[in-house]
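Asker: Just so you know, the sequences run in chain order A and B. Following the working numbering, the numbering of the first sequence begins with -16 at its first residue and continues without gaps. Following the working numbering, the numbering of the second sequence begins with -16 at its first residue and continues without gaps.
Do not take every clue at face value.
Put simply, identical chains are the same to the list, so a pair is met inside one copy or across any two.
[What the hints assert, rightly or not] In the DSBU-like style, the derived pairs of lysine-lysine whose C-alpha atoms are separated by at most 35 Å in a straight line are:
id, residue 1, residue 2
1, Lys145, Lys179
2, Lys144, Lys(-8)
3, Lys(-1), Lys38
4, Lys(-1), Lys59
5, Lys131, Lys(-1)
6, Lys17, Lys32
7, Lys144, Lys(-1)
8, Lys(-2), Lys179
9, Lys145, Lys(-1)
10, Lys(-2), Lys149
11, Lys(-2), Lys38
12, Lys144, Lys32
13, Lys179, Lys32
14, Lys145, Lys(-2)
15, Lys179, Lys17
16, Lys145, Lys32
17, Lys(-8), Lys149
18, Lys149, Lys(-4)
19, Lys179, Lys(-4)
20, Lys131, Lys79
21, Lys59, Lys6
22, Lys(-8), Lys145
23, Lys(-8), Lys109
24, Lys79, Lys(-1)
25, Lys6, Lys179
26, Lys149, Lys32
27, Lys144, Lys(-4)
28, Lys17, Lys115
29, Lys(-4), Lys145
The set of hints was computed from the structure by calculation and includes no laboratory data.
There are 2 protein chains.
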Amino acid sequence: MNRPQLIEKMVEKIKKLPGIGPKMAERLSYHILKMSQNEVDRLVDSIQKARTGMKSCSVCYNLSEYDPCPICSDLKREHNTICVVETPQDLIAVSKVKDYKGLYFVLGGSLSPLDAVGPDDIRIDKLIRRIKIGDINEIIIATDTDSKGEMTAVYLAEIIKKLSVKVTRLGYGLPVGGDIEYADEVTISRAIAGRKEM
Amino acid sequence: MNRPQLIEKMVEKIKKLPGIGPKMAERLSYHILKMSQNEVDRLVDSIQKARTGMKSCSVCYNLSEYDPCPICSDLKREHNTICVVETPQDLIAVSKVKDYKGLYFVLGGSLSPLDAVGPDDIRIDKLIRRIKIGDINEIIIATDTDSKGEMTAVYLAEIIKKLSVKVTRLGYGLPVGGDIEYADEVTISRAIAGRKEM
């Protein structure tokens, strides 16, 4: 006997989600079948409400219930500084740093020639347009520190410098609370280069 | 900034699913937000349809769109042999074996004193009732071979033998295609005890 059609279809759909293999999809499906109808309704409802309710802010492309988002429409923030991040999740991580009072821009990914992601596939155009029309003093590039994030940072810096806008990149070094023993060579070398007098 | 309320709620619900940690729940949530409305609808629809459409067969407690399920209502099968499994997934695994023509019974778990799962928490009563009212020759116990499954098998065997019904347990030994080098001691010892003349 194979799995009943209805279960098979659910497993198929769940299997398409990132990081979910066939075994995990099966486990989740059978768990859902054991949940009460009420619990399933609440799960499904939370998914549908988030999907319909969250919009992309037309200024920074962060996900928000409002457009423009609360950050972009906050007049107390410094509107002449923009921190460029890859994803909305990265934005949330940076926004936990209370010292930063500027705005954001969500690129929607990073350049990745191997995955055929070029400059036209992320929001580089839109970032440039925003810099051109706004009164921007500084762009802080906070893309990931992997090779794709680095490549994107270098690419962006080159274009933005031509617009006579200051471009900075988040500082490299040892993560706080880290153990030097486990830090990689490149990180230590960057930490040495960025050493500060005590 | 914290995550927007709508996303937070979805993450919370997804995090409750088994094997999904906070990071994975976040990853899945943001993936869902990037899916098209159409794709989200199809995912949600497959979940709702499976949850509402799948019933528990009132004879064997397998999940099925019909009650009784196609196996229990198949008159060509041997209705005097019942294979007892822990879950509907186990039933599907056993049912792939074409030689077995009997029926099934899904216990809905295994005895586990540590998790406070006793005989009343799985369908032991219902199995006994089914044996008593039916014309049953043999009960094949196919619970897992971990300690909980073993305990359940021993417990069931004791009760069922009192009803003068033959009780068997799936044979132990080396899995087919396995490498003896990696087999554990207990399995090898069982395989020796169960050796067959060639």
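Asker: All hints are to be evaluated individually against the structure, with a verdict given for each.
Answerer: A quick look at each hint next to the structure:
Taking the shortest alpha-carbon separations for lysine 145 and lysine 179, only the intra-copy value of 30 Å comes in at or below 35 Å, while the best inter-copy value is 81 Å. When the C-alpha separation of lysine 144 and lysine -8 is checked against a cutoff of 35 Å, the pair qualifies neither within a copy, at 51 Å, nor between copies, at 41 Å. Taking identical chains as interchangeable, the C-alpha atoms of lysine -1 and lysine 38 lie at most 35 Å apart whether they share a chain (23 Å) or sit on different chains (25 Å). In this homomeric assembly, lysine -1 and lysine 59 never come within 35 Å of each other (Cα to Cα): the closest approach is 42 Å inside a single copy and 38 Å across copies.
With identical chains, the CA atoms of lysine 131 and lysine -1 are at most 35 Å apart both within one copy (24 Å) and between copies (33 Å). Taking the closest pair of Cα atoms, lysine 17 and lysine 32 come within 35 Å of each other both inside a single copy (23 Å) and across two copies (14 Å). Neither within a single protomer nor between protomers do lysine 144 and lysine -1 lie at most 35 Å apart by alpha-carbon distance, with minima of 41 Å and 47 Å respectively. Taking identical chains as interchangeable, the C-alpha atoms of lysine -2 and lysine 179 are never at most 35 Å apart, the minima being 49 Å within one chain and 42 Å between chains.
Taking the shortest alpha-carbon separations for lysine 145 and lysine -1, neither the intra-copy value of 42 Å nor the inter-copy value of 49 Å comes in at or below 35 Å. In this assembly of identical chains, the alpha carbons of lysine -2 and lysine 149 never lie at most 35 Å apart, being 45 Å within a copy and 41 Å across copies at closest. Taking the closest pair of Cα atoms, lysine -2 and lysine 38 come within 35 Å of each other both inside a single copy (26 Å) and across two copies (23 Å). In this homomeric assembly, lysine 144 and lysine 32 never come within 35 Å of each other (Cα to Cα): the closest approach is 41 Å inside a single copy and 55 Å across copies.
Taking the shortest Cα distances, lysine 179 and lysine 32 never come within 35 Å of each other, neither inside one copy (48 Å) nor across copies (61 Å). In this assembly of identical chains, lysine 145 and lysine -2 lie within 35 Å of each other by CA distance neither inside one copy nor across copies; the values are 45 Å within and 45 Å between. For a Cα distance limit of 35 Å, the shortest separation of lysine 179 from lysine 17 qualifies neither inside one copy, at 58 Å, nor across copies, at 42 Å. Proximity of lysine 145 to lysine 32 under the C-alpha cut-off of 35 Å is found in neither arrangement, the shortest distances being 43 Å within a copy and 56 Å between copies.
In this assembly of identical chains, the alpha carbons of lysine -8 and lysine 149 never lie at most 35 Å apart, being 52 Å within a copy and 39 Å across copies at closest. Taking the shortest Cα distances, lysine 149 and lysine -4 never come within 35 Å of each other, neither inside one copy (46 Å) nor across copies (43 Å). Within a single copy, lysine 179 and lysine -4 get their C-alpha atoms no closer than 52 Å, and across copies no closer than 45 Å, so neither meets the 35 Å cut-off. Taking the shortest Cα distances, lysine 131 and lysine 79 sit within 35 Å of each other inside one copy (24 Å), while across copies they are farther apart (46 Å).
Within a single copy, lysine 59 and lysine 6 get their C-alpha atoms only as close as 50 Å, which misses the 35 Å cut-off; across copies the closest is 32 Å, which meets it. Within a single copy, lysine -8 and lysine 145 get their C-alpha atoms no closer than 52 Å, and across copies no closer than 43 Å, so neither meets the 35 Å cut-off. Only between protomers do lysine -8 and lysine 109 lie at most 35 Å apart by alpha-carbon distance; the minimum there is 30 Å, versus 39 Å within a single protomer. For a Cα distance limit of 35 Å, the shortest separation of lysine 79 from lysine -1 qualifies both inside one copy, at 32 Å, and across copies, at 25 Å.
Taking CA atoms no more than 35 Å apart as the test, lysine 6 paired with lysine 179 passes between copies only; the shortest distance there is 34 Å, against 50 Å inside one copy. Taking the shortest Cα distances, lysine 149 and lysine 32 never come within 35 Å of each other, neither inside one copy (40 Å) nor across copies (55 Å). In this assembly of identical chains, the alpha carbons of lysine 144 and lysine -4 never lie at most 35 Å apart, being 45 Å within a copy and 44 Å across copies at closest. In the homo-oligomer, the alpha carbons of lysine 17 and lysine 115 lie at most 35 Å apart only across protomers (28 Å), although the nearest pairing inside one protomer, at 55 Å, exceeds that limit.
In this assembly of identical chains, lysine -4 and lysine 145 lie within 35 Å of each other by CA distance neither inside one copy nor across copies; the values are 46 Å within and 47 Å between.
Taken one by one, the earlier hints fail for this structure at numbers 2, 4, 7, 8, 9, 10, 12, 13, 14, 15, 16, 17, 18, 19, 22, 26, 27 and 29, listed in ascending order.
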